[in-house]
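Residue numbers (UniProt numbering), protein chains in the order written: chain A, 1 to 289; chain B, 1 to 419.
Please keep in mind that the hints were generated in silico from the structure rather than gathered at the bench. Any given hint could be a false lead.
What follows is a list of derived Cβ distance ranges for each label pair [stated by the list, open to error]:
hint, chain 1, residue 1, chain 2, residue 2, range
1, B, A256, A, V113, 47 to 55 Å
2, B, A256, A, F224, 25 to 33 Å
3, B, S305, A, L27, 21 to 29 Å
4, A, V113, B, T28, 53 to 61 Å
As a list, the in silico EDC-like pairs of lysine to aspartate or glutamate whose alpha-carbon atoms are at most 16 Å apart [to be verified]:
hint, chain 1, residue 1, chain 2, residue 2
5, B, K41, B, D62
6, B, K73, A, D38
7, B, K171, B, E159
8, B, K237, A, D147
9, B, K341, B, E117
10, B, K341, B, E160
11, A, K141, B, E117
12, B, K237, A, D189
13, B, K316, B, D168
14, B, K279, B, E160
15, B, K341, B, E325
16, B, K354, B, E235
Idealized CB from N, CA, C, for every residue including glycine.
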Amino acid sequence: MPRKFTPYLFVLPLIAFIVVFTYIPILTSLNLSVREWDFLSPDKPFVGFENYRLLLDSHEFWNSLRVTAIFAFVSVPIRLVLALLIASFLVRETLSARILRGALFLPFVTSTVSIAVIFSWVFSTDYGMANALLRAIGGEKVPWLQDPAIALWVLILVNTWKQLGYDVIIYIAGLQAISNELYDAAAVDGGGRLHVFRRVTVPLVMPTTYFLLVISVIEAFQIFTIVNVMTHGGPAGATDMLVNMLYRTGFTLFDIGKGSALAVLLFAILITLAWIKARVIGRKVHYEA
Amino acid sequence: MTPKLRTALALSLSTLCATTASAQAEVTVQFWHSFSKGNEKALEQIITNFEAANPDIKIDADFIGNYNDIVTKLQAAIPANRAPDAVIMEVTRYGLFADRGVLADLTGYLDADPLKEQLFDFARKVGVYNGKNYIIPFNSSTPVLYYNKDILTRAGFTEEPALKTYDDVLKVARQITEKLGSEGISGVAAPGQFARWGLVMDNDSNLIDPDSNEVLLDAPNTIEAYQWMASLVHEHKVASPDGVTEEDNGRDAFWAGKVGIMFNSTGNYTQSRKALGDKLAVRPMPCNKVCSVPIGGAGIGILSSAKQEVKDAAYKFISFAASAESNAIWFAGTGYMPINKGAARQPAAAEALKTQPGIDVAIEQLEFAHGRPRPPVVTWMRSSEYDQWQAMALGQRDVAETLKAFATSTRNESQRLSN
């Protein structure tokens, strides 16, 4: 075999893996999205863009898109701001900082299902700890997971608590890459702490912010486990995120064609968002000090 | 090689060959079920007895989740060629699978089996879809009314109150909530889906007409029944909303002594008794306009994709599980109704009837128990009903409007599935 093929042989297993587990499923979804199928029938008749039309005409889809967008655009900024602030305090290599980093990272490596089940108990209206605390201080019980105006915020809180540790660790890595000379120079120039943070830290940590932004938005649009365990998309669709709707449509309502069409739309939405982020924010990111 | 070593090697080889031969002769039936906690123990006992009587058949039983989980996982497993050989299917949800040819027609097996004559009529009928048998009954149930005697006494009921109509239940639930609400005790658990169907039938209606398969979700009596059920949560506040968003919460709270009344399947009898002991009372469902309860539970079906020898072995197991002896073990261990006419004469069942007060209530209800329709759309309707119920019970949507819209979408879906 000619030596020029040797490098390709080294990457062949990875390429095969990606083809089998990424590209073939994407193409299969595209194919199923233009067919009518319930998983059980041997036939999958071609229906053109009917599944897309039904989705775009449905109140459910637009509600899910709205709820997911609110979730993403509220939770991601909160996570990033909090993470950067916490990382700024924990960047020092002290024992307490290391212990706190570990504590913050713990929820990220804990099973999401376990977290969701435990928080379901915490926010249970009649039997939960949150309302027990409220009542102990003289407050009224709150229907955390039954009130459409509150349930989404509870999910944002739980998801932020779970993901924050990851964001903090990534930010700490980004902050540690900033040269101390820049801080020294800023100090010599008489910059205050806030001024240095705004003028030195924030711009230089921009590549990390951009990376976390891209990852967090994708993660927010794909959130499923917490929703499925804590609210099943309820009450009255108030937390019915896109992936939850996709699961329900495909796997509990037997409409795999419409479920696949929704998956394709979600893919298109994420690609569009990534493109917008690259155009709007990506240009402002500088990878060298 | 020493003679001792040679003998040891020869013995090892012969043992290995014998083991391999026996393993090859064994037929394994992969069986998916939905029984956990105490009910799983009773099932394990039946499987152990079966394997002892049939050493050439192994039952590989897996707990998959509740009935909804089984439907979801089965549907994903079929195209992946990873479906089991036998599966528990809820009585209203198997129609779609029978309709699509996923379940094997068991009519020939049952016709040749003396079991057919031993089954109660109601039990035999639950396995019939379009004139053919697709499942053999295993765990049949009706909803019943459970209450906690201690809670009622503490709420001021010196004698057992009437619990025959919606008004009776509401009155008792109100008094419990008023007297004991400060201790975190609710009057009644928000009814789960099986109980909701039962309460609609008590109000002289149904969700789907059993004869014509016509959708009755928007029938006046169905709407009235849902209005009453929803009012328990958002208007009268005698049922916790926690049991609306997660149906098991209501049952768990009843077991924890935090709820006075619960409508639930007789399949929860044993666990309820374990949790509450002598405080537990079991009564028939209310008869608001008529006395009528749905027959629920599930039966075991065999997948068409299983090999013939596996199908034969699976049927042998299914028939054994529905036999008088096994059914008595199941009845005594779980509270599910006897399906075999001979079960009550078995020592295990006779002992249960004597020592477990209330276990016979579901049997007494049989005179007004009715099978439910199972056209393919029922699976979709039941999966979708949870969201509708949440919206109504939490007071977010008007009951009549919601049910009218739901009826329309169910009719549309029925049309889609029949195309």
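Hint-by-hint comparison with the structure:
no., hint, verdict
1, B:A256 / A:V113: 47 to 55 Å, "violated, 22 Å"
2, B:A256 / A:F224: 25 to 33 Å, "holds, 30 Å"
3, B:S305 / A:L27: 21 to 29 Å, "holds, 26 Å"
4, A:V113 / B:T28: 53 to 61 Å, "violated, 30 Å"
5, B:K41 / B:D62, "holds, 13 Å"
6, B:K73 / A:D38, "holds, 13 Å"
7, B:K171 / B:E159, "holds, 14 Å"
8, B:K237 / A:D147, "holds, 15 Å"
9, B:K341 / B:E117, "holds, 9 Å"
10, B:K341 / B:E160, "violated, 33 Å"
11, A:K141 / B:E117, "violated, 57 Å"
12, B:K237 / A:D189, "violated, 66 Å"
13, B:K316 / B:D168, "violated, 47 Å"
14, B:K279 / B:E160, "holds, 13 Å"
15, B:K341 / B:E325, "holds, 11 Å"
16, B:K354 / B:E235, "violated, 41 Å"
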